[in-house]
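A.B. asks: The lines below spell out each chain.
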Amino acid sequence: MSLSDPALRIVLYEGSGAEPLDGPARYSAVSALLEKGYAVTRSAADRPVAPADRSPLLVLGRFNGQPPEVPESDVTIRFQDISALAPAQLGDAVETVRNESGAAKHGAWKPWFPVIDYDRCTNCMQCLSFCLFGVYGVDGDKHIQVQNNDNCKTNCPACSRVCPEAAIMFPKYKAGPINGDTVSDSDLAKEKMKVDISALLGGDVYAMLRLRSEKAKSRFSKERDSDKALTERQKCLIKLAAAGDIPPEVLMSLPSPEEIARRAEEATAKAQAALAAQKA
Amino acid sequence: MSQTPPTILYCHCQYAQVVPKEVKDAVLKKLCDSGIAFEAVADLCEMAARRDPALQRLAGSGAVKIAACFPRAVKWLFHQANAPLALDTTEVLNMRVQNAEEVIAKLLSSELEANLPKGKVTASDAPKPEIAELAN
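Protein chains in written order, with the working numbering: chain V, 47 to 326; chain W, -9 to 126.
So here's chain V without its partners, still in its complex pose (with noise of 0.2 Å):
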């Protein structure tokens, strides 16, 4: 999936021309739709909803083979009668709707993302200094923003421990305040011991990790037994995601030793780059 596809909005019509759904059969047609990542928007007379935009619609509902007249519009409009599909049907039906309309696909790429909390970040850099993947970048006036969601690997919380005011959040993350969730003074006591630790192990995350990387590989060269070796990194391995939050596979997916160091190097070139034009 592309980013920047549009995609495709659903309404879900039961007004003048169409016969009315019971609410046993709105909700499993709406959770069908929902489980293929779909938005809909079911209409009614007593409050608003969100006005049309240039993204391409699709109007379900039971129109008894005649479609609802709708008034000239910019907007690509397709009308799909459900009459007489069951919500598995209905789920195919509106996929084979999206493939025409090039709309975008969900469900390819978990939602993953760093969200930063403006009320509480400071503009330290930090967060931009330590990402090896270019997820961070600065806005025109020197602001940290996320620029490229996408990069972020997924089920990695690394950056938000490293943030001195806890201001990073991940939504989807198990566990307060990096899921959104209130931040108590504690919790930023913690945080600081984080970072704390972090220098402890060697000025930073990715210099330990570049260390570790290396005595594995060098384990492996000198180990007959694979089996061993591939035992001593895995445990390896576990020790460093228990100690940083940091999932096996995004450390067995980290780039060579020396593509760390030079990614590490642009990023931080970037952070004090955007640091001193702060100060300027």
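Since the hints were made in silico from the structure, they are not lab data.
One should not assume that every hint holds.
Unchecked claim - Just a few of them, taken from the derived set where beta-carbon distance is under 8 Å, the chain W residues facing chain V:
| id | residue |
| --- | --- |
| 1 | Y5 |
| 2 | K11 |
| 3 | E12 |
| 4 | A16 |
| 5 | G25 |
| 6 | F28 |
| 7 | A39 |
| 8 | P43 |
| 9 | C59 |
| 10 | A63 |
| 11 | W66 |
| 12 | L67 |
Here a beta-carbon is modelled for each residue, glycine too, at the ideal position from N, C-alpha and C.
Position chain W against the provided structure of chain V, taking the given hints into account.
C.D. replies: Chain W alone, transformed into the frame defined by chain V:
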């Protein structure tokens, strides 16, 4: 004088198991049974990541009640999508910690209790996302 009721937005948190399934299913079922108008989205995080224009429409449509997760996360997710929510007309119900009865009662109530964190940044003075990869 009658006021326009708030838009109701429900997030299904489709791509993670952090919202209890029984809570989100019960809330959605009650919404469907109620017969009222609502917006249901599969996953607000996914929409925020793609800067989906639907979030701007929702944030710009006046008062809104959102059934999702922590108010602090929802506030900044919308901001990151360049769709800042109005602090005084947004209520977020947290399906990670509230039970389904409480969430649905508040969604259907005629009262709105604005509860986004009120910090130094408001909708108008937040840094504006400049996303190079999405620029046309």
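A.B. asks: Hints the structure violates: just list their numbers, smallest first.
C.D. replies: 2, 3, 4
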